[in-house]
Amino acid sequence: MKKYYLLSLLILIFLTSFSQRKNSSNTLSFDENLYNSIEYRLVGPFRGGRAGTVAGVIGNRNLYYMGTAGGGVWKTEDAGNSWECISDGYFGGSIGAVAVSESDPNIIYVGEGEQTLRGNVSSGMGMWRSNDAGQTWNFIGLPKSEHISRIRIHPNNPDEVYVGVIGNLWKPNEERGLYKSIDGGKSWKKILYVSDKAGVGDIILDPNNSRIIYAATWQMKRNGYRMDSGGPDSKVFRSYDGGDSWEDISEFNGLPSFPWGIVGIAISPVNSKRIWMMIEADDGGLYRSDDGGNNWKKVNSNRALRQRAWYYTRVYADTQNEDKVYVLNVSYGVSTDGGNTFTLKNAPHGDHHDLWIDPNDNMRLAIADDGGAQVSNDGGNNWTTYFNQPTAQFYRVSTDNSFPYRIYGAQQDNSTIRIKHRSASSSIGERDWEPTAGGESAHLAPDPLNNDIVFGGTYKGYMMMKNHTTDQNRSVNVWPDNPAGSGAEVMKYRFNWNFPILFSPHNPKKLYAGSNFLHVSTNSGQSWETVS
1 MKKYYLLSLL ILIFLTSFSQ RKNSSNTLSF DENLYNSIEY RLVGPFRGGR
51 AGTVAGVIGN RNLYYMGTAG GGVWKTEDAG NSWECISDGY FGGSIGAVAV
101 SESDPNIIYV GEGEQTLRGN VSSGMGMWRS NDAGQTWNFI GLPKSEHISR
151 IRIHPNNPDE VYVGVIGNLW KPNEERGLYK SIDGGKSWKK ILYVSDKAGV
201 GDIILDPNNS RIIYAATWQM KRNGYRMDSG GPDSKVFRSY DGGDSWEDIS
251 EFNGLPSFPW GIVGIAISPV NSKRIWMMIE ADDGGLYRSD DGGNNWKKVN
301 SNRALRQRAW YYTRVYADTQ NEDKVYVLNV SYGVSTDGGN TFTLKNAPHG
351 DHHDLWIDPN DNMRLAIADD GGAQVSNDGG NNWTTYFNQP TAQFYRVSTD
401 NSFPYRIYGA QQDNSTIRIK HRSASSSIGE RDWEPTAGGE SAHLAPDPLN
451 NDIVFGGTYK GYMMMKNHTT DQNRSVNVWP DNPAGSGAEV MKYRFNWNFP
501 ILFSPHNPKK LYAGSNFLHV STNSGQSWET VS
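Numbering-wise (our numbering), the sequence shown opens with residue 1 and increments by one.
FYI, nobody ran anything at the bench for these hints, they're computed from the structure. Hints are supplied without guarantee of correctness; some may be wrong.
Said to hold, decoys possible - Lysine-lysine pairs mimicking PhoX-like chemistry, simulated, CA-CA at most 20 Å apart: (1) LYS197 with LYS235; (2) LYS171 with LYS197; (3) LYS144 with LYS197.
I would like the entire structure built from these sequences, with the hints used as guidance.
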């Protein structure tokens, strides 16, 4: 009998203990006062992230603005030597367009939602205006625009403004189109609309007659695995009356056959009869008109100017020389013979998205690219650095077990990096950074058993291992296949842009990777097992 009493007592003690543990786990708490003194500090890197828009100020050689993909709007007052964020506390980080009034440079318009429409893109919430050069901002509408491609301001009236709205990338929507305000953004009127499938990709006002406007509509859609650029609703329109009426010029003499994709437009300030269009089409390329847009001819089809059209396709007319034209792409092209030949150049980073040319001095330039914004005072021969604008986009961070521990991250449009969390010097700088495994889209997984071995992913399921002690790099792909250009139906495994990689917290020899299946390796990536 005593044994039964003893057994019952032990069971009761066990159940009570289990209940207490269960309740305590559900009511886990901590003293928030322990964390009140924590402050974030910038450890780097100080290199810029993607910028899609840039604007200078006429008459002030030191003043420029840029809009970034994730860091908001920034301002430099020393010609690009240092930058300051002026949008924090007002609106989000994804910026599609920035424009400064020529007649009153204190007035700035900003459109949210970047126009570099990658798969890893961020949307926005509409339009903002500043009347004091960016010290304060007011929301002025178009809250469902999501992505804004261009803002154009009347040269003599800062309250007359035109906004190109791309709209929601993922579905048809009626917010797409060209909008106009004549009261500084208090009210808006949609003045050009083709369909719920096509937004406005570019706008240009004739520099010599602002009632003449050209607008390019762009039929596009994105889904989880591809970009569809082009269709019957990609067209170009012309207005002679400030947007009250429009003429479709897409089938004018000399232009390519349909379908078109994205189109960029520019008008020479020296000669308004000279107009440029960069057109995405089977017979696309750079087209030029010398009679005000009535007749056209293709002057250049260089693939270096046309590749990955939906990400670039911007053209800019020089402000002093009607034969000089710029086309932006991975490199930017410069032609001085009317577009017949181009010299390819690069700003400090590459992947160029916007260009501002001073109307009074064509040697003064500002460019936006995948590394931020840079300034040139000698026509692009020399540029300021992008290592002075902490606007980098990082998907995630991880740490190792080293002392001092190191922080790991992959910077979009740049590279992977690991940074010491503390330095023996007075501050953390470039000497405390170093590249590591993988590429811009990587998850990074330091080996728990060896802090100098790092696994990092990159595009299409590729994975690399880096040994920092020996400086050895080794491919450790889950599946030895190159899926570039293949449809999903022929792929054995389908990997996301930034597929996950993780060491098990329970077994430091288990390295996991995720495609549409879960994979595991226990021998540093030399072989893999699919476990889901």
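Verification of the hints:
For the suggested pair LYS197 and LYS235, the alpha carbons sit about 12 Å apart, so the restraint of at most 20 Å is met. A hinted pair counts as satisfied when its Cα atoms are at most 20 Å apart, and LYS171 with LYS197 qualifies at roughly 8 Å. A distance of roughly 15 Å separates the Cα atoms of LYS144 and LYS197; the hinted pair therefore holds under the 20 Å criterion.
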